[in-house]
Each structure stands twice: as C-alpha cells, then as structure tokens.
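Enquirer: Each chain, letter by letter, is given below.
There are 2 protein chains.
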Amino acid sequence: MFDVTELPLIGGAALRARSAARVLRTLPTDAKDGALVAMAEALVERTDEILAANASDVEAARADGTPESVLDRLRLDAGRIEGVAAALRQLVALPDPVGDVVRGSRLPNGLELRQVRVPLGVVGIIYEARPNVTVDAAGLCLKSGNAALLRGSASAFGTNTALIAVLTDAGEKAGLPAGFVELLPADRASVGELLGARGLVDVVIPRGGASLIQRVVRESRVPVIETGEGNCHVYVDASADPAIAESVVLNSKTHRVSVCNSAETLLVHRDYPHLPRLLAALAGSGVALHGDDASRAAHDDVVPATDEDWATEYLSMDMAVRVVDDLPQALDHIARWTTGHTEAIVADSATAIAAFTAGVDAAAVLVNASTRFTDGGEFGFGAEIGISTQKLHARGPLGLPELTSTTYVVTGRGHVR
Amino acid sequence: MFDVTELPLIGGAALRARSAARVLRTLPTDAKDGALVAMAEALVERTDEILAANASDVEAARADGTPESVLDRLRLDAGRIEGVAAALRQLVALPDPVGDVVRGSRLPNGLELRQVRVPLGVVGIIYEARPNVTVDAAGLCLKSGNAALLRGSASAFGTNTALIAVLTDAGEKAGLPAGFVELLPADRASVGELLGARGLVDVVIPRGGASLIQRVVRESRVPVIETGEGNCHVYVDASADPAIAESVVLNSKTHRVSVCNSAETLLVHRDYPHLPRLLAALAGSGVALHGDDASRAAHDDVVPATDEDWATEYLSMDMAVRVVDDLPQALDHIARWTTGHTEAIVADSATAIAAFTAGVDAAAVLVNASTRFTDGGEFGFGAEIGISTQKLHARGPLGLPELTSTTYVVTGRGHVR
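Chains X and S supply the protein sequences, listed in that same order. Quick note on the working numbering: the first sequence kicks off at 126 and runs consecutively. Quick note on the working numbering: the second sequence kicks off at 126 and runs consecutively.
Worth flagging that the hints you see were computed from the coordinates, not collected in a lab. For clarity, every value in this text was computed on a predicted model and none was experimentally measured. Cβ coordinates follow ideal geometry from the N, Cα and C atoms, glycine included. Mixed in with the good hints, there may be bad ones.
[Stated by the list, open to error] Looking from chain X toward chain S, a few residues come up when the C-beta cut is under 7 Å (computed):
id : residue
1  : 232
2  : 464
3  : 505
4  : 516
5  : 539
[As the list claims (entries may be wrong)] For each label pair, taking beta carbons as the anchor points, the in silico distance ranges come out as:
id : chain 1 : residue 1 : chain 2 : residue 2 : range
6  : X       : 187       : S       : 539       : 43 to 51 Å
7  : X       : 207       : S       : 218       : 22 to 30 Å
8  : X       : 542       : S       : 188       : 48 to 56 Å
9  : S       : 198       : X       : 279       : 50 to 58 Å
10 : S       : 336       : X       : 177       : 50 to 58 Å
11 : S       : 339       : X       : 211       : 40 to 48 Å
My request is simple: use the sequences and hints to build the entire structure.
Expert: Below, the structure written as structure tokens:
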C-alpha cells in the first residue's frame with residue numbers, strides 16, 4: 126500500500142481523488158453532463174471573482190518583469206471565461222467513451238468475452254501558465270470518468286485556485302464526489318511527489334516545454350503520456366503539383382509558427398522543377414531559410430544549414446531546407462531527425478505516397494495537406510488534452526477515448542478449466 | 126540523437142535492431158509468415174546443436190546448486206523444441222495486425238482520415254530462465270513487425286545463443302533484415318543500458334518476479350508494459366449457486382497454484398448459507414486457509430489471517446478467507462488489496478453482478494467463471510507475451526495487436542488551414 130506520509134504536499138488531494146475516482150467510474154453520462162453544464166454556468170456567474178484573482182496574478186507577474194507575451198497567456202477577461210465555459214458545454218455533445226464495448230465474442234466453450242472501456246482512474250496533469258487548461262483538463266477528465274490532479278504554474282496559482290473553487294462548488298452541488306478535481310500546490314516539489322505517486326496516480330500528462338517533459342520522463346515512476354515537440358518535415362516529391370506544394374508548405378510553416386504542428390524543415394526532391402519559386406514564396410512571406418548547398422543555389426537568401434538546423438524545432442519564422450536525391454534519402458533524413466509528431470508529403474505519384482506513408486514513423490502523416498491539421502479539433506475529436514508523440518497507449522491527439530483503459534468482462538455459467 | 130557510446134553492452138545490437146525495424150515495418154505478411162515457417166523448421170533440424178548448448182547450461186546450473194524445479198524450467202529436450210517450433214507455426218495462422226484501419230472517416234472539409242496500426246519498432250524483453258520465451262518472443266515480435274532485443278538470464282545464455290543463431294540464420298535466409306532479433310549479454314548492467322536507451326528502444330516488457338518489475342519501473346526511461354502479479358479475489362455473493370461457487374472457487378485456487386491468474390483470497394457474503402461446505406471442500410482439496418473470525422467460526426482448520434495475508438500472492442496451496450457484510454465491503458477490500466489482474470464474482474443476482482463488474486478496477490472481471498481463464502490462449506488471442514496489469518496501452522493478455530501502435534494518415538488535395 127502507498128505511504129502517503131511521503132507525500133506532504135499532494136497526499137491529501139491524491140487520496141481524495143483516488144476515492145472520487147471510484148465513484149466517477151460508475152457515474153452515468155447524464156450525471157457527468159449535468160455537472161459540466163452547471164460548472165459552465167458557475168464560471169460565467171462568478172466571472173468577477175475569477176477576474177479579481179487573475180488581476181492579482183497578472184499584477185504580480187508584471188512586477189516580476191514577465192514579458193507581455195507571457196502576461197497575455199496568463200490574462201483572463203470576460204470573453205475568455207465565456208470561451209472556457211463554452212468548451213465545457215461542448216463536451217456534453219461528445220460521446221461518453223466509458224462503457225463502449227471495444228470487442229466482444231462468444232468463445233468456443235460458451236464464455237462471453239467483452240472488452241469494455243473504463244476510466245483510467247486518477248490523471249495528473251502538469252502544465253504552464255494558461256489558466257484555460259485548468260478548466261479544459263477538469264472537463265475532459267470528468268467526461269471520461271477520471272479524477273483530475275492539476276498542477277499548474279505558480280504564476281497562475283491565484284487564478285487556478287479561484288477557478289477550481291468555482292468548479293468544485295458547482296460540481297459537488299450537481300452531485301459529483303468531493304475530490305473529482307484537485308489543484309495541487311505550485312511548489313516545485315509537488316511535481317516530484319506527483320511523479321513518485323505510483324499506485325495512487327494512474328497516469329501523468331506533462332503539457333509544457335522540453336525541459337518539463339525531460340524531467341517527467343527521467344523521474345516518473347507513474348506511467349506518462351508524453352505530449353511533445355514537433356520537429357515536422359514537409360517533403361516535396363518530384364511528382365508534386367507546384368500550386369499544392371506552395372500552398373501546403375507555406376501554410377505548414379507560416380499559419381501559426383509557435384505551435385507543435387507547424388513545419389520546421391522542407392525536403393525537396395532534386396528533380397522537382399520549381400524549387401526556386403517555392404523558396405522565393407517562402408522568403409517573400411518572411412520566412413528565414415537555412416539550407417544545404419543545392420537549396421542555396423536555388424535562392425539567394427538562404428543561409429547555410431548545420432545539423433543544429435535539422436534538429437531544431439524553431440517555433441519561429443525560420444525553416445531548414447534540404448534537397449534530397451530521392452524519397453529514400455528523405456525518409457532517412459526524417460528517421461534521423463523526427464520527433465515523431467507530424468510528417469507531410471506533397472506528391473502526385475501514388476508509389477511515392479505509399480512509400481512515404483509506410484516508411485515514416487510518426488503520430489500523423491499528411492498527404493497533400495498542411496501539417497497544421499494534426500489537431501484534435503481538426504480531426505473531429507472535439508477536444509484534446511494534448512498531442513501524444515509516444516507510441517504506447519495513444520499517439521496523436523488525446524481525446525476522450527485516449528483518457529480511458531479497458532477491462533475484460535468474461536461471463537460464464539460455472540465455467541472452470 | 127542517442128549517444129550509443131553510453132551503451133557498451135547493447136549499443137551495437139540496439140542500432141542493428143533499430144535499422145531492422147525500419148525494414149520490418151513495411152514487410153508484407155507473406156514474408157513474415159514464410160520466415161516463421163523457416164525458423165520453425167530450422168529449430169527442429171538443428172535440435173542436436175541446441176540440446177548440446179542446453180546440456181552445458183543445465184550442467185553448470187546444477188554445479189551451482191540450482192534446485193531441480195529451476196533446472197526443469199531451463200531444460201530442453203526434442204519434444205520441447207518441437208513445441209516451440211509448433212508455436213512459431215501457429216503464429217502464421219493469426220491475423221497480422223499491421224495495416225489494420227482502426228478508424229476512418231471523411232472529415233467535413235474533405236480530408237480522408239485513417240488511423241492505421243503500425244509496429245511499435247524495437248521491443249526489449251527481459252525474462253528469466255525458460256528458453257522457450259526466447260523463441261516465443263522472437264516470433265511474436267516478428268509477426269507484429271517489431272525488432273526484438275532479448276535479455277534472458279545468465280543461466281540460459283548458452284541455450285539462448287544457440288537458439289538465436291538458428292533463428293537468425295533461418296530468418297535472414299528467408300529475407301529478414303539483419304538485427305530482426307538480437308540477444309543481449311546477460312550481464313546485470315545490460316538491463317540498465319536497455320532501460321536507459323530511450324530513443325533507441327520503443328518499449329520494454331519485463332517478464333519475471335516482483336523485484337525485476339520494481340527495478341524496471343524505478344529505473345526505466347523507456348516506456349514499460351508491466352506484466353505483473355496477480356493477487357486475485359473470488360467473491361461469493363449471497364445469491365450464488367452453491368455448486369457453481371464450489372467449482373469456481375476450487376478451480377480458481379487449485380487448478381495451477383504457481384500462476385498469476387490463480388486465486389489468493391476468497392470473500393464471502395455473510396448471508397451465503399453454504400460457507401462451511403465451501404471451506405470444507407477447499408480444506409479437503411489440500412488448501413491451507415487463513416481467515417477472519419467469521420470464517421474461522423465456519424470451519425475448524427482456518428488459521429487467523431492478518432493484513433499480510435490480504436496482501437500476499439501466495440502462489441501456493443494457501444488461501445485467505447474473509448466474510449463481508451455486503452458487496453460494497455467486498456469492493457472496498459478488493460480496491461485496497463488488488464494488483465489489478467483478475468477478480469471474480471459468483472452470483473445469480475443481476476444487480477450484484479452489475480455492481481461488481483462496474484465497481485472492480487482490474488484487467489479482467491470473471492463472472493461465474495474461474496480466474497484461470499484470464500489468458501491469451503483462453504481468450505482466443507492465440508498467443509501472448511504476458512498479461513499486462515497496467516492501465517496504459519494494453520491491459521490483460523498481450524497479443525499481437527498489443528505489440529503495435531498507430532499512425533494517423535490524413536489525405537487531402539492541397540488542403541490548408
């Protein structure tokens with residue numbers, strides 16, 4: 126059994142969540158949906174209280190010299206609160222994965238076998254400044270029947286405390302068990318406790334930068350779902366339609382540069398005849414190009430690329446460019462440098478498309494479409510808690526079904542071996 | 126990128142496996158099946174060579190004072206080699222999970238979304254004395270398109286070396302890439318290297334005792350699938366048919382005591398009227414009973430149980446017994462002591478059955494059937510590499526589909542956001 130005295134910061138919350146999880150796993154969909162609606166209403170009703178807490182957080186962060194871009198992520202206003210409330214209401218419309226029969230059969234001996242979706246139990250989520258994640262994560266965990274242990278950043282602690290007070294009051298009034306969502310202290314040590322709470326916490330999902338994810342992977346004794354970096358490539362085959370190549374590459378790079386599904390490296394087949402035009406279009410859109418000799422020969426403003434460029438997730442208006450001899454060389458390049466998030470091909474050759482989709486090992490492979498489509502909302506999953514770049518459990522956007530496990534229910538009439 | 130100089134014992138093998146995995150992931154089913162048949166034939170043909178290596182291992186283990194039961198697990202003979210060859214041939218008949226479309230749809234914008242099964246990549250397996258695991262694991266990994274890094278015990282190293290030589294020769298002659306299966310050195314440090322090889326190895330599966338599994342969970346930076354202990358309970362409800370209760374409890378406890386799906390604790394509703402007969406049947410079959418006061422009152426030969434008994438996976442002809450006030454108390458007991466493997470209920474009340482299957486959190490819940498049915502073969506999965514007791518990725522018997530991940534393949538016609 127777990128010794129909670131080893132968890133001074135999170136032990137109480139984890140035990141309440143564990144206890145809540147036993148109730149949540151059997152809660153009917155109606156009860157969960159009713160609570161989601163009540164929570165959404167309460168957020169809007171108690172907007173003033175939340176904004177007051179948020180104003181203090183923003184003020185303190187500003188006094189600490191936090192840059193304006195980070196302050197903007199931290200800041201709430203009435204419209205943003207309406208937005209997170211609307212996200213809770215949208216969860217009502219999504220199907221409840223709990224109870225789905227994944228497979229079922231009658232075995233030769235007459236046993237009835239069913240594999241049924243069940244909640245994971247207690248889900249720990251570690252995330253950074255945005256307070257909307259507090260509400261999104263609480264909602265996704267509730268709809269999938271899980272208790273949530275939320276560990277947000279210190280800078281948003283006042284805001285998160287106010288949000289969780291509202292969600293807790295409304296949820297418990299709507300019949301949810303105490304502990305269905307718990308905010309953990311923002312001390313650095315609370316992360317360590319969460320990562321060590323094997324047996325109390327069923328999974329930890331880190332949402333944040335590379336250093337957080339590295340720490341979680343290194344330290345955690347609780348199973349982890351890694352949501353990660355996207356060093357995404359677009360490969361333009363010799364057979365590519367030039368108009369499609371240009372729009373897909375530009376959209377993949379420039380639509381929103383700071384997100385994990387934006388493209389970082391362009392690989393172009395040496396027989397693609399429109400490389401100069403493609404690079405000119407990128408440069409004309411403000412993209413700084415870092416390329417090999419062949420791409421530098423095709424456009425004036427390409428600075429030399431090094432291995433560092435192939436490895437970097439720029440998250441900026443920079444792009445690495447390499448001309449490859451053939452598709453296998455593109456696959457080798459991707460195999461060496463990919464973070465396993467999203468890889469795209471622009472091609473008209475069915476042979477090339479088949480070789481690329483079979484040969485690339487990533488969460489998503491986009492064919493003649495922008496890398497920006499790797500997203501739970503775009504995939505029609507309705508909501509996501511992140512995009513998994515690991516191969517175990519769930520790969521790609523993490524929607525409600527990905528927040529579940531399964532149980533085999535086997536029914537006999539006195540069957541023995 | 127991974128620095129293989131940090132992996133003096135396994136680095137070469139891991140790189141060969143990584144390279145093989147890129148070929149294996151695109152190999153057609155026919156090619157894998159042909160190699161499985163060739164490997165099965167080669168094992169039988171080269172029986173003498175394998176038995177000679179095995180005789181040396183057994184001799185050395187005997188000289189070290191290894192007990193006869195362990196020697197028996199280590200020992201091969203012509204019949205056992207026929208058996209592992211037959212297991213390889215049986216894999217040919219199982220469906221290849223790679224390429225299965227798990228879900229697919231046309232999105233509103235016309236993008237075609239497909240979630241396709243792909244191999245995990247490089248699978249590390251750490252196991253103990255039985256050399257048959259070497260062949261089973263190599264076969265399961267091959268059929269599911271994975272490269273296998275096998276780390277067997279030092280006592281079986283000679284046998285494993287001979288087996289892998291046969292499999293490698295036959296497999297490569299049949300067209301498999303070098304490195305499709307690699308035997309790692311049996312040094313203690315090779316386990317540590319395997320657990321640290323994040324980026325080179327996609328998953329580690331420990332098959333062994335509690336201390337091995339604890340070490341793997343503590344140390345591993347590579348994702349783990351835990352195959353674990355079974356502290357399995359049978360709950361006999363007040364509504365149970367007494368004949369079914371007796372046969373299911375006896376079979377769950379006594380059919381094979383040394384395995385993870387055998388029962389360890391019996392929970393009986395206080396209104397079940399046939400407790401004395403049930404305990405007499407267990408005692409009459411040679412089961413040593415450890416019970417609470419109420420069960421001691423029902424039968425003479427019940428020694429007092431402590432928390433230690435509720436916690437213990439006996440793996441012997443011992444059983445803990447507790448009389449519970451009602452089904453919720455049984456669920457509380459199980460929630461406290463379960464290892465999440467298999468829990469069983471004997472009942473005729475549909476209400477009780479529904480409450481038990483909804484309330485128990487385990488890989489398998491058996492209704493009016495022996496706990497011994499939690500098994501890949503019994504479930505009709507054909508072969509298993511172990512039984513997962515974790516909630517992430519795969520829970521219950523690990524068959525071929527559980528050795529895969531998925532990729533989203535999204536096809537457009539120049540789609541951008």
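Enquirer: Indicate, hint by hint, whether the structure satisfies it.
Expert: Against the structure, the hints come out as follows:
1. With its C-beta approaching chain S no nearer than about 6 Å, residue 232/X sits inside the 7 Å limit, and its interface hint holds.
2. Taking 7 Å as the C-beta cut-off, the interface hint given for residue 464/X is violated, the closest approach to chain S being about 10 Å.
3. Look at residue 505/X: its Cβ gets to within about 6 Å of chain S, closer than 7 Å, so that hint holds up.
4. Proximity of residue 516/X to chain S holds as hinted, the smallest CB-CB distance being about 4 Å (cut-off 7 Å).
5. Evaluation of the residue 539/X hint against chain S yields a held restraint, the C-beta minimum of about 4 Å falling below 7 Å.
6. Between residue 187/X and residue 539/S the Cβ separation comes to about 44 Å, which falls inside the hinted range of 43 to 51 Å.
7. The supplied range of 22 to 30 Å is broken by residue 207/X and residue 218/S, whose beta-carbon atoms lie about 58 Å from each other.
8. Between residue 542/X and residue 188/S, the C-beta spacing of about 38 Å breaks the proposed range 48 to 56 Å.
9. Range check, residue 198/S to residue 279/X: Cβ separation about 54 Å, and the 50 to 58 Å hint holds.
10. Between residue 336/S and residue 177/X the beta carbon distance is about 54 Å. The supplied range of 50 to 58 Å therefore holds.
11. A hinted range of 40 to 48 Å holds for the C-beta pair residue 339/S and residue 211/X, which are about 46 Å apart.
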